[in-house]
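S.K.: Build the full structure now, drawing on both the sequences and the hints.
Just so you know, the sequences run in chain order A and B. Residues are numbered in my numbering as their position in the first sequence, beginning at 1, plus a constant of 53. Residues are numbered in my numbering as their position in the second sequence, beginning at 1, plus a constant of 122.
It is worth saying that the hints were derived from the structure and are not from the lab. A portion of the hints provided could be inaccurate.
Cut-off 16 Å, straight-line C-alpha distance, at most; resulting in silico cross-link-like pairs (EDC-like, lysine to aspartate or glutamate) [claimed, not checked]:
#	chain 1	residue 1	chain 2	residue 2
1	B	Lys227	B	Asp190
2	B	Lys337	A	Asp159
3	B	Lys337	A	Asp79
Simulated DEER-style distance windows between Cβ atoms [stated by the list, open to error]:
#	chain 1	residue 1	chain 2	residue 2	range
4	B	Glu515	A	Val306	38 to 44 Å
5	A	Val223	B	Ala393	55 to 61 Å
6	B	Arg210	A	Gly296	30 to 36 Å
Values in this document were obtained by computation on a predicted structure and should not be read as measured data. Glycine included, each C-beta is placed from N, C-alpha and C at the ideal position.
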Amino acid sequence: MRISFFTFGLLGLLSFCITGCDVIDDPVIPLTIGYRGEAPAPSFEAMTAGPQHVLLEDFTAHQCGNCPPAGALAEQLSDTHDGRLHVLAVHAGSLAAVSDAPFDTDWTNAEANAYWSQLAFQVNPIGRVNRRGGPTEIVSPNNWSALVDNELGLTPAAHIQGAAIADPNVSDDVHFHVHTTFSEAITGEVRLALLLSESHLIAAQLDYGNDPEVITDFEHNHMLRGSLSGEDGLVIATDPTSGTTVQMDYTMVWPSEWAQENSHILAVLTNAQGEVLNCLDLPWSP
Amino acid sequence: MMRHLLPAVAVLTLLPCASLAQEDQGQITGNVQLLFQTYQEDSLIGAQVPPGKTGFNAFGNLIYTRGDFSAGMRYESYLDPILGYPGRFRGSGVGYRYASYNKEKFEVTIGNFYEQFGSGLILRAYEERQLGIDNALDGFRMVVMPAPGVRVKGLVGKQRFDFDSGLINSDGIVRAFDGEINLNDAFERWASAGTRVTLGGSFVSRFQEGSTISKDSLILELPQNVGSWGYRAQVQKGGFQFMGEYVRKINDPNADNGYTYRNGEGILLNAGWSTKGLGINLGFKGVDNMQFRSDRNLQLFDLPVNYIPAITKQHTYNLAATLYPYATVVQGEVGWSAEVFYTIPRKSKLGGKYGTKISFQYATASSLDTTNLSGVDGAVYGYERNSWSAGSELFIRDINFDISRKFSKGFKAKYAYFHFDFNTLATPVTTDYKGIVNANVHVVETQVRIKKGHSLRTELQALFTGTYMKEVDGEMKPVKQDKGDWATVLAEYTMSPHWFISVLDQYNFGNPNPDERVHYLYGTVGRIEGAHRLTVGYGKRREGIFCIGGVCRAVPASNGVEITFTSSF
Numbered sequence: 054m055r056i057s058f059f060t061f062g063l064l065g066l067l068s069f070c071i072t073g074c075d076v077i078d079d080p081v082i083p084l085t086i087g088y089r090g091e092a093p094a095p096s097f098e099a100m101t102a103g104p105q106h107v108l109l110e111d112f113t114a115h116q117c118g119n120c121p122p123a124g125a126l127a128e129q130l131s132d133t134h135d136g137r138l139h140v141l142a143v144h145a146g147s148l149a150a151v152s153d154a155p156f157d158t159d160w161t162n163a164e165a166n167a168y169w170s171q172l173a174f175q176v177n178p179i180g181r182v183n184r185r186g187g188p189t190e191i192v193s194p195n196n197w198s199a200l201v202d203n204e205l206g207l208t209p210a211a212h213i214q215g216a217a218i219a220d221p222n223v224s225d226d227v228h229f230h231v232h233t234t235f236s237e238a239i240t241g242e243v244r245l246a247l248l249l250s251e252s253h254l255i256a257a258q259l260d261y262g263n264d265p266e267v268i269t270d271f272e273h274n275h276m277l278r279g280s281l282s283g284e285d286g287l288v289i290a291t292d293p294t295s296g297t298t299v300q301m302d303y304t305m306v307w308p309s310e311w312a313q314e315n316s317h318i319l320a321v322l323t324n325a326q327g328e329v330l331n332c333l334d335l336p337w338s339p
Numbered sequence: 123m124m125r126h127l128l129p130a131v132a133v134l135t136l137l138p139c140a141s142l143a144q145e146d147q148g149q150i151t152g153n154v155q156l157l158f159q160t161y162q163e164d165s166l167i168g169a170q171v172p173p174g175k176t177g178f179n180a181f182g183n184l185i186y187t188r189g190d191f192s193a194g195m196r197y198e199s200y201l202d203p204i205l206g207y208p209g210r211f212r213g214s215g216v217g218y219r220y221a222s223y224n225k226e227k228f229e230v231t232i233g234n235f236y237e238q239f240g241s242g243l244i245l246r247a248y249e250e251r252q253l254g255i256d257n258a259l260d261g262f263r264m265v266v267m268p269a270p271g272v273r274v275k276g277l278v279g280k281q282r283f284d285f286d287s288g289l290i291n292s293d294g295i296v297r298a299f300d301g302e303i304n305l306n307d308a309f310e311r312w313a314s315a316g317t318r319v320t321l322g323g324s325f326v327s328r329f330q331e332g333s334t335i336s337k338d339s340l341i342l343e344l345p346q347n348v349g350s351w352g353y354r355a356q357v358q359k360g361g362f363q364f365m366g367e368y369v370r371k372i373n374d375p376n377a378d379n380g381y382t383y384r385n386g387e388g389i390l391l392n393a394g395w396s397t398k399g400l401g402i403n404l405g406f407k408g409v410d411n412m413q414f415r416s417d418r419n420l421q422l423f424d425l426p427v428n429y430i431p432a433i434t435k436q437h438t439y440n441l442a443a444t445l446y447p448y449a450t451v452v453q454g455e456v457g458w459s460a461e462v463f464y465t466i467p468r469k470s471k472l473g474g475k476y477g478t479k480i481s482f483q484y485a486t487a488s489s490l491d492t493t494n495l496s497g498v499d500g501a502v503y504g505y506e507r508n509s510w511s512a513g514s515e516l517f518i519r520d521i522n523f524d525i526s527r528k529f530s531k532g533f534k535a536k537y538a539y540f541h542f543d544f545n546t547l548a549t550p551v552t553t554d555y556k557g558i559v560n561a562n563v564h565v566v567e568t569q570v571r572i573k574k575g576h577s578l579r580t581e582l583q584a585l586f587t588g589t590y591m592k593e594v595d596g597e598m599k600p601v602k603q604d605k606g607d608w609a610t611v612l613a614e615y616t617m618s619p620h621w622f623i624s625v626l627d628q629y630n631f632g633n634p635n636p637d638e639r640v641h642y643l644y645g646t647v648g649r650i651e652g653a654h655r656l657t658v659g660y661g662k663r664r665e666g667i668f669c670i671g672g673v674c675r676a677v678p679a680s681n682g683v684e685i686t687f688t689s690s691f
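M.R.: Laid out in structure tokens, this is it:
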């Protein structure tokens, strides 16, 4: 009994040693702030008027049988508010774990896990709408529509313009240009995150509303595949005043595992409390 | 556990002291320290005057003990803080509180606690009140002694960061454990061995939220969990003793290392041998990117998780201790020291009637031998270390010697000599001279017994700096380095057991600028009544760097009255 007690303790300590170290072999994120396109970065005029965009994060998982209806609702809202509501399907939580086929693909990633860990109550399906109230605030799918409407009616504190451009000369180089115009003063640091989502991914999904419940060729859309700037993004301004403009130009080598034609780059601007000031699905330019 | 903790905490806070005097209700002990200072303008020395014109720091400890249980608290006041203390400390409140239970093989502490693993290279939570440093942990600590000679410690907590009418902790979380085994106590066959061996190992991890940082044109992922670990051994046989510790730390981009991802590494070796009348100590220290904090964005005194000890001796004489004090270069340094103590036997021709003590020490610290990396590697990892040998930049060379002798029952004297080659770029103690200051310090100390209970102690000190060539009136002339030469005279008269009076004059007689040849005169009168001590001082204090154990703080010049009171019960 005594041996078991201390063996148990030693195993705990060993586990702590392993989890207590984030060894980063290559900390360099593929995106660089150093724009290296041959053509000059596009210039943007200050944007003095524009709509409020909304980020709807749908926390889902492939083994969450109640999640497909929430995903369908998000899709429907996206269609209704075309171009202003941006859906991000965040696969995270225990139901996103990998198990036997057909659930043997890991759709989670560091960013999805980080967002999941921020939630005040971790359950699938659940969502966040513009992270209003801070990253911990969760919204049940029943309330998504009303909150989205409410957010869409707000006057934005900042406007975003931008573009994603595949380099015509350098294979796999992609340039991102994000121009922000602040329409009111913001206190504290403002961060810009570039989040990548991918659609038309065919893989298994559990759906309690379907017969059979396991759908092996489910079409996953808006799936968060990673960030180009870290999940919180980079500080682009501190205490900006009304009228302040900031343009960020990035270049990255596009990872071959992401299908560019199915990908969306979502520019998400957040304030010091982690609330979304505005967001934009960067249009791909030829 | 809680059955014991909660009533005791209630007792501590609610019952009047008098009722606790009874043995069965436990015991309360405590102490108080007050420091009050007034400030006057003095443009000659650049003395600062805060808006309130006074400073007041006070600390009161109360400790309740009953059997295996103890609980305590420290009440602190900064109204406003004495200059030289962290200026953000404000108000009055409880800055430290804990409850602890120690029974047989277990010891548990909740609340605040101090802790040190080995020499502190990966964890040291401590208070150095004179420097305003207190990085106490606030959380939970457990010590287990599963077998004789074996001790395992585990802790989780946040560190004290600030004080504003109460304790303010860091955001980062420190998790740590330490194991130590004394072979002689743990194993029967070692019990009677002449060699005593203790082995230890530690692991410390810090969690702090973070995602990415940008550096040059790169975006870098931040590690949220940074781990550090170390091994140590202590061996003692007869007059010989050895202590060695080796530590490592994984990628920890922080403000101290310019947000580079290079792993940290450190090694500390000490060996000593002593016999009657003779002692020899040798030490080696190499640290490379080992500064570890619970907040990656802070520097200087804020939230250190570990402590990098100094290689030089802690000097006490005024000029040797305050003008060119060595501060550990936390980014990395390598150094070694050698120290010899010898007592010339008493009643010998050289030793005299009471013997003569001699000590000599050589200590040096330099930059690391490194090669800077370029391009992306340079931005991410900074440099690579070629070896543990000294690099091209000298930080400090400290050679000191002293000889002391008691000539009679009523008279003893000591002569001490110090030579410093001190790099003011590595430790910026002055803005008047950038480079290596060469300083020689001579000290003569005497102590005379006037009559029973009355004694006079004096110190005569002089510091001489080297010269350098400087253009003066169109001509290159040799000029004294930094502020030039200094002299200090100290006289301290003690009338035991109650009174003492002292006068200290620090005089910058060799300042190249005649207008700055200032006397820093300071007088103190004090009275001791048992466990109570009151002192009143008045005079000028020089702007400078105050160091303890290689950790230093800038202290501004001041002119005014200082009252201190300490008491314990």
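S.K.: Take the hints in turn and mark each one as holding or not.
M.R.: These are the hints, each one checked on the structure:
1. B:Lys227 x B:Asp190: Between Lys227 of chain B and Asp190 of chain B the Cα gap is close to 12 Å, so the pair holds against 16 Å.
2. B:Lys337 x A:Asp159: violated (31 Å)
3. B:Lys337 x A:Asp79: holds (14 Å)
4. B:Glu515 x A:Val306: 38 to 44 Å: holds (39 Å)
5. A:Val223 x B:Ala393: 55 to 61 Å: For Val223 of chain A and Ala393 of chain B the Cβ distance comes to about 60 Å; the hint holds.
6. B:Arg210 x A:Gly296: 30 to 36 Å: This hint holds: roughly 34 Å between Cβ atoms.
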